[in-house]
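Enquirer: Letter by letter, the chains look like this.
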Amino acid sequence: MNATTLLVRLIPEYGQFALILALLLALVQAGVPLAGAATSRPLWMAYARPMAAGQFAFVLVAFGCLTASFLFDDFSVAYVADNSNTRLPWYYKATAAWASHEGSMLLWSLILAGWGFAVSRLARGLPRVMLARVLGVMGLVGSGFLLFILLTSNPFERRLPAIPAEGADLNPLLQDVGLIVHPPLLYMGYVGFSVVFAFAIAALLEGRLDSAWTRWVRPWTHLAWAFLTLGIALGSWWAYYELGWGGWWFWDPVENASLLPWLAGTALIHSLAVTDKRGGFKSWTLLLAVATFSLSLLGTFLVRSGILGSVHAFATDPARGAFILALLGLTVGASLLLFALRAPRADFTGFDWLSRDALLLINNLLLVTMTVSVLLGTLYPLILEALGLGTVSVGAPYFNTVFVPLVALLCLFMGLGPLARWKRMPARELWRRLAGAGLLALALGAMLPLVYAGRWNLGVSLGLTLALWLMLSLARDLLGKLRRGATWRAGLSRLTPGYWGMWLAHLGLAVTIVGVTVVSNYSVERNVRLALGERVAVAGYGFTLEALDERHGANYVADRATLAVARDGRRLYTLHPEKRRYTARARPMTEVALRPGLLRDLYVALGEPLGRDAWSLRIQYKPMVRWLWLGALMMALGAALAVLDRRYRQDRHQRRHGVPAPGREDVRS
Amino acid sequence: MNRRLVLLIPLGLFAALAVLFWSSLATAPDGRDSARLGEAFPAFELPALADPARSLDRSLLTGRVTLVNVWASWCAACRVEMPQLAALAARGVRLVGVNYKDGRAAANAFLGEFGDPFEATIHDPSGKLGFELGVYGAPETFLVDAQGVIRYHHVGALDTEEALQVILARVKQWRSQP
Numbered sequence: 001m002n003a004t005t006l007l008v009r010l011i012p013e014y015g016q017f018a019l020i021l022a023l024l025l026a027l028v029q030a031g032v033p034l035a036g037a038a039t040s041r042p043l044w045m046a047y048a049r050p051m052a053a054g055q056f057a058f059v060l061v062a063f064g065c066l067t068a069s070f071l072f073d074d075f076s077v078a079y080v081a082d083n084s085n086t087r088l089p090w091y092y093k094a095t096a097a098w099a100s101h102e103g104s105m106l107l108w109s110l111i112l113a114g115w116g117f118a119v120s121r122l123a124r125g126l127p128r129v130m131l132a133r134v135l136g137v138m139g140l141v142g143s144g145f146l147l148f149i150l151l152t153s154n155p156f157e158r159r160l161p162a163i164p165a166e167g168a169d170l171n172p173l174l175q176d177v178g179l180i181v182h183p184p185l186l187y188m189g190y191v192g193f194s195v196v197f198a199f200a201i202a203a204l205l206e207g208r209l210d211s212a213w214t215r216w217v218r219p220w221t222h223l224a225w226a227f228l229t230l231g232i233a234l235g236s237w238w239a240y241y242e243l244g245w246g247g248w249w250f251w252d253p254v255e256n257a258s259l260l261p262w263l264a265g266t267a268l269i270h271s272l273a274v275t276d277k278r279g280g281f282k283s284w285t286l287l288l289a290v291a292t293f294s295l296s297l298l299g300t301f302l303v304r305s306g307i308l309g310s311v312h313a314f315a316t317d318p319a320r321g322a323f324i325l326a327l328l329g330l331t332v333g334a335s336l337l338l339f340a341l342r343a344p345r346a347d348f349t350g351f352d353w354l355s356r357d358a359l360l361l362i363n364n365l366l367l368v369t370m371t372v373s374v375l376l377g378t379l380y381p382l383i384l385e386a387l388g389l390g391t392v393s394v395g396a397p398y399f400n401t402v403f404v405p406l407v408a409l410l411c412l413f414m415g416l417g418p419l420a421r422w423k424r425m426p427a428r429e430l431w432r433r434l435a436g437a438g439l440l441a442l443a444l445g446a447m448l449p450l451v452y453a454g455r456w457n458l459g460v461s462l463g464l465t466l467a468l469w470l471m472l473s474l475a476r477d478l479l480g481k482l483r484r485g486a487t488w489r490a491g492l493s494r495l496t497p498g499y500w501g502m503w504l505a506h507l508g509l510a511v512t513i514v515g516v517t518v519v520s521n522y523s524v525e526r527n528v529r530l531a532l533g534e535r536v537a538v539a540g541y542g543f544t545l546e547a548l549d550e551r552h553g554a555n556y557v558a559d560r561a562t563l564a565v566a567r568d569g570r571r572l573y574t575l576h577p578e579k580r581r582y583t584a585r586a587r588p589m590t591e592v593a594l595r596p597g598l599l600r601d602l603y604v605a606l607g608e609p610l611g612r613d614a615w616s617l618r619i620q621y622k623p624m625v626r627w628l629w630l631g632a633l634m635m636a637l638g639a640a641l642a643v644l645d646r647r648y649r650q651d652r653h654q655r656r657h658g659v660p661a662p663g664r665e666d667v668r669s
Numbered sequence: 001m002n003r004r005l006v007l008l009i010p011l012g013l014f015a016a017l018a019v020l021f022w023s024s025l026a027t028a029p030d031g032r033d034s035a036r037l038g039e040a041f042p043a044f045e046l047p048a049l050a051d052p053a054r055s056l057d058r059s060l061l062t063g064r065v066t067l068v069n070v071w072a073s074w075c076a077a078c079r080v081e082m083p084q085l086a087a088l089a090a091r092g093v094r095l096v097g098v099n100y101k102d103g104r105a106a107a108n109a110f111l112g113e114f115g116d117p118f119e120a121t122i123h124d125p126s127g128k129l130g131f132e133l134g135v136y137g138a139p140e141t142f143l144v145d146a147q148g149v150i151r152y153h154h155v156g157a158l159d160t161e162e163a164l165q166v167i168l169a170r171v172k173q174w175r176s177q178p
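Quick mapping for you: the protein sequence lines, in order, are chains L and H.
Residues in the first sequence are numbered from 1 upward in steps of one, following my numbering.
Residues in the second sequence are numbered from 1 upward in steps of one, following my numbering.
Okay, chain L solo, but in the shape it has when bound (with noise of 0.2 Å):
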């Protein structure tokens, strides 16, 4: 053996050394700074960011071992020879990195530890105290989560002395672009809220919250909702894309489970809007704080312990779970007992019951309520179980039920709060800005569905007047703001981007409903048995079976069909369905067919061969389902657009140059 193959060989030692060094960085990290704070000593406050770099810095050591382990196909690493196979192709190798549970939560703890790092970096202007507090807690969590991986999910564990010449292959369903992005972007958002978390805490020991520290936490929260909205959005895509059913959400655990946290983080980012131009909601405000971390760290219990049946089958060990829980019992219980000891005394700013304030208390109180519904639902299989009641399935006609009034409700006053003032809105001068897009979303929404479909359709009238309420109250706002300067440019001038980024994350969720109600109500399904050369009809468009023949790729062999698919007698496109049969796991995989577009998608997928020369087939059109992610992109592009406000860099400015910026005054303020 010469010595570089035996530098390849040891890669998984350096992994797992670099991973022990990031523990006990960690572990420094959170104890000194932490213990300084609480002391007063500065020499200690600066052992926080030094470490906070050293962390990064050998976990990301450790997830680049690991990804180096599988692109030399190190099959002596159980994780590597459960994940890969030789035949796969490199992109997919290095991205099986995070296919499965070790590596997924080593990818969670590098994200965590880039977060930290990044608060130590940008977070220069924060006072020593607060910055020691905040990387001290996210060294806790880090510190909590590496010990879990190294105990318990070693994705460098290796199989000796039996090496395996083969892997068994990353499982069929990951093997997708989808895979690629889908996890990092989810784990980013659900990671991000651990730095308004520590945020949280550290206002808590200080037992401070001021304007100051709700201005360094909205950036971070928007961020980290950004994320999550676009992990969220991509989770849904590849559902809809990949598992073959044509479905976009399914209320499936895995997927309520980021769910809960995004919900949470929407009232925060509201409730801090609030603390921040009002002074007001101050505990509510630290509590949905924890609360949105809490429910990142549940989701991932959940998901990782598998007490809960999911179409996401991930293994389960218990050892594992009771680990988890021992850590959410830990950061939540602990962060709670703080919060009930801390909490900032009463801080009940007046306000009429018609003003902005009221109408985000509202906000505030209605996505609560959907966290809390969803949770109970995800949960209630659970509660029943330990009842000894058996065990059972709570699926969509739950959630829908309760889900769908409660986001008209919510869009009822979302369209209001933008036009409201702070503390009192008289209902009159509401009346007159609003009513005519009331009365036109009304109308439009009714006539809507005859228009489309040439049919009453209530459930299309409700879901497109929301929608359409939403727009043109939007619509509304900026109109009023752009006459409020001398000339439409001054007015435009007077927008920042925090205005922007609500506008555009408001125009999202309207999108989204759009697309929701009219792919809810208006999809045609059809499961067809056909022939070589025979042709069926579905919503206008007609598609022919032309061929059927088999096709190799790299790890699996496919069987193709090929559609033309045809509208009034001309031909449009050629579809290629696909069953796929992977050598390594003999699993078959349904490779869906998809003509997307802005209006429509085509959706075409093989089911079972019917004797020589036929196939049955799911042949589905899916009227606007594009809206859906489309709106989710617009509301994280939202959030990341408010990033950018000045207001969240005055303090920088003030610092360099002794004087506040002189910044845009704030529209409404």
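Calculated from the structure, these hints are not laboratory results.
C-beta atoms are modelled at their ideal positions from N, C-alpha and C, and glycine is treated no differently.
Careful: at least some of the hints might be erroneous.
Chain L regions said to be covered by chain H (calculated; three or more residues, Cβ under 8 Å) [unchecked claim]:
{"#": "1", "segment": "325-339"}
{"#": "2", "segment": "604-618"}
From the structure, some residues in chain H lie toward chain L, with a derived Cβ separation under 7 Å [unchecked claim]:
{"#": "3", "residue": "LEU7"}
{"#": "4", "residue": "PRO10"}
{"#": "5", "residue": "LEU11"}
{"#": "6", "residue": "PHE14"}
{"#": "7", "residue": "ALA18"}
{"#": "8", "residue": "PHE21"}
{"#": "9", "residue": "CYS75"}
{"#": "10", "residue": "LYS101"}
{"#": "11", "residue": "ALA105"}
{"#": "12", "residue": "ALA109"}
{"#": "13", "residue": "SER176"}
For this one, chain L is given, so just place chain H on it according to the hints.
Expert: Okay, now just chain H, sitting in the frame of chain L:
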């Protein structure tokens, strides 16, 4: 003081959740006896899933020992137990499905995807029959004897060999009854 007590509520709720999780990690799922045990299968008149024009009623369940499986396409646990149901059908057990609170298209697609072990499937989109049966969710399975009386009830997926053996034993037992 009062206010501090209010602030303790989140902690209390979380503690309750933690206990729930702890017990879920520790305990295995257990069966629940149906209040319907020993009673006649409730009367119903519902369309067949495969053919909306065909109406099904209680006479479907008399004459032979039948396993009635309540399922839905939205239910993840139902997906898990489909191979077991197919195995039961292959061993000569007569299966009838109740498609519970589900859309016809989604349900048919589900059967297209996972196979159809049922001799017939009753389409119960409003969950009325499920309610009469005292179903909490899906999946649940009822053993109905040749006289149409419910004799055994299983909650949750039939996903273990043990559950399968119990079902087979019961089917045999009730087949041999006059």
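Enquirer: A separate judgement is required for each hint: does it hold in the structure or not?
Expert: We went through each hint and held it up to the structure:
1. 325-339: holds (count 8)
2. 604-618: holds (count 4)
3. LEU7: The hint holds - LEU7 of chain H has a Cβ within 7 Å of chain L, the shortest such distance being about 4 Å.
4. PRO10: 5 Å, holds
5. LEU11: 4 Å, holds
6. PHE14: 6 Å, holds
7. ALA18: 5 Å, holds
8. PHE21: 5 Å, holds
9. CYS75: Check passed: Cβ of CYS75 of chain H comes within 4 Å of chain L, closer than 7 Å.
10. LYS101: 4 Å, holds
11. ALA105: 5 Å, holds
12. ALA109: 6 Å, holds
13. SER176: 28 Å, violated
Hint violations for this structure: number 13 only, all remaining hints satisfied.
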